[in-house]
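J.: Residues per chain are reported as follows:
There are 2 protein chains.
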Amino acid sequence: MAVDQLQLLALKNFPLVSPGDNLINLIIQNLGEQHMMLEPGDVLVVAQKVVSKAEDRYVALNEIEPSEQARQLAVEVDKDPRLVEVILRESNSVVRHCPGVLIVEHKLGYVMANAGIDASNIEHEASDTVERVLLLPESPDDFAEQLRGRIVRLFGVNIAVVINDSVGRAWRNGTVGMALGAAGLPALRDRRGEKDLFGRTLEVTEVALADELASAASIIQGEGDEGIPVVLLRGLDIASMGKDTFNNGATLLRPKDKDLFR
Amino acid sequence: MAVDQLQLLALKNFPLVSPGDNLINLIIQNLGEQHMMLEPGDVLVVAQKVVSKAEDRYVALNEIEPSEQARQLAVEVDKDPRLVEVILRESNSVVRHCPGVLIVEHKLGYVMANAGIDASNIEHEASDTVERVLLLPESPDDFAEQLRGRIVRLFGVNIAVVINDSVGRAWRNGTVGMALGAAGLPALRDRRGEKDLFGRTLEVTEVALADELASAASIIQGEGDEGIPVVLLRGLDIASMGKDTFNNGATLLRPKDKDLFR
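Here the protein sequences line up with chains F and S, keeping their order.
Last residue of the first sequence? That's 265 in this note's numbering, and every number before it is there in order.
Last residue of the second sequence? That's 265 in this note's numbering, and every number before it is there in order.
Warning: the hint list may mix true and false statements.
[Said to hold, decoys possible] In the BS3-like style, the derived pairs of lysine-lysine whose C-alpha atoms are separated by at most 30 Å in a straight line are: (1) S:15 <-> F:246; (2) F:15 <-> S:246; (3) F:82 <-> F:110; (4) F:110 <-> S:261.
Just so you know, these hints were derived from the structure itself, not from any lab.
Hey, can you work out the whole structure from these sequences and the hints?
T.: Quick look at the structure:
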């Protein structure tokens, strides 16, 4: 992968996404409007939030009846018991909690605060009596594969797709982009056996390529009012990586029994 | 930061770096040779390894006498006791360990496997009887500030610098680029108080911008035989971020008493 240049291009003027919208069509349409021709090796990085919106993963909190467990936990973490109930329903287990913080293992395996549930950049009813939150997509890996398949069939161009989100981490302040789903590339790139500059076999070295792409795209997606849910990343030499090395976002999840931090 | 395009450019044909080399001069010289003119807002991302090499942070393991603590720990983690001794000397504390894994808090605060000490991409003596390892730089933040200051004075152009490394993480497989040091930008970008698309105040939202830049650059730096230690990232609107928001790599370290994973 001796590339010497990468480009990240925002898909500009991307429309607001609503439940029932065909997000794949919206992306293809926007590429056309922006006169962006896809090239082999391009990576489309799509923010989780628009996938969730298209999938209508909204939950109205006034329809949620918190369980006793949720009520107790809500007191400990100082959050709305209805929100805690939704978080628990989306989770396999609580990993850590303290006042203000609730870190869980999401049903899909991600370790995240609040199961990735989010209340920013969500349209709210005018009355504001119904508070809505937005769950993660049903299956980010499946959506990535669907978008990729559609584009390969339509344009005959091999591209990759990453679905990203902004997440907090252990040990470090601030959020970074992380890959929830991926298709058409080695999300986890195994470089063991390759040589370093001096001909020594590399020791470590599985690289979380999809997470690095997710972080790169996140730089221009922003968190606030930018409204850039889709970023095209160009220059990655995916063809040289070999289809047999491709794997998805789930590959990036460290199994619980190999994780020292749960 | 409504940017709609970012470019990552490798500094090609970068020379091998040896102890005593003036890395700042090498970078400036290479920019000239590659006819790359720096522009305001450019970010130079420099791999930790070349900073360490220039600073002669090599340690010859045959000169290390392991302590009793290091010998015991070496058995538990199945590593060379001399390497374990060097890791402990570079660390404040051991965070987790198990066979094959030794995660510590580095003296500078990073939580990393093996205190960031590394044996790949290091020239070894022909005899191979002296095994050398390479420590992290003395102060990545200081080096970032020095490189930035030199370039501002020389070219009158405001740039930012990030010193990056590839690191493992809790919960996820594979390494990603992380910022050890930074200067000339908000390494941790505080976006609290800004509005989202719908005019709601953002909830979270400190973004680990320098870590995202570190990951982006890591995509083209590679781990193997690419030999791309320095990457120029262009397109970030740093000027709009305001000098009073600038902070360094140390800002990204979550204080131990606020960390649920130590």
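J.: If a hint holds in the structure, say so; if it does not, say that too.
T.: Hint-by-hint comparison with the structure:
no., hint, in the structure
1, S:15 <-> F:246, "holds (28 Å)"
2, F:15 <-> S:246, "holds (28 Å)"
3, F:82 <-> F:110, "holds (21 Å)"
4, F:110 <-> S:261, "holds (26 Å)"
In this structure, every one of the numbered hints holds.
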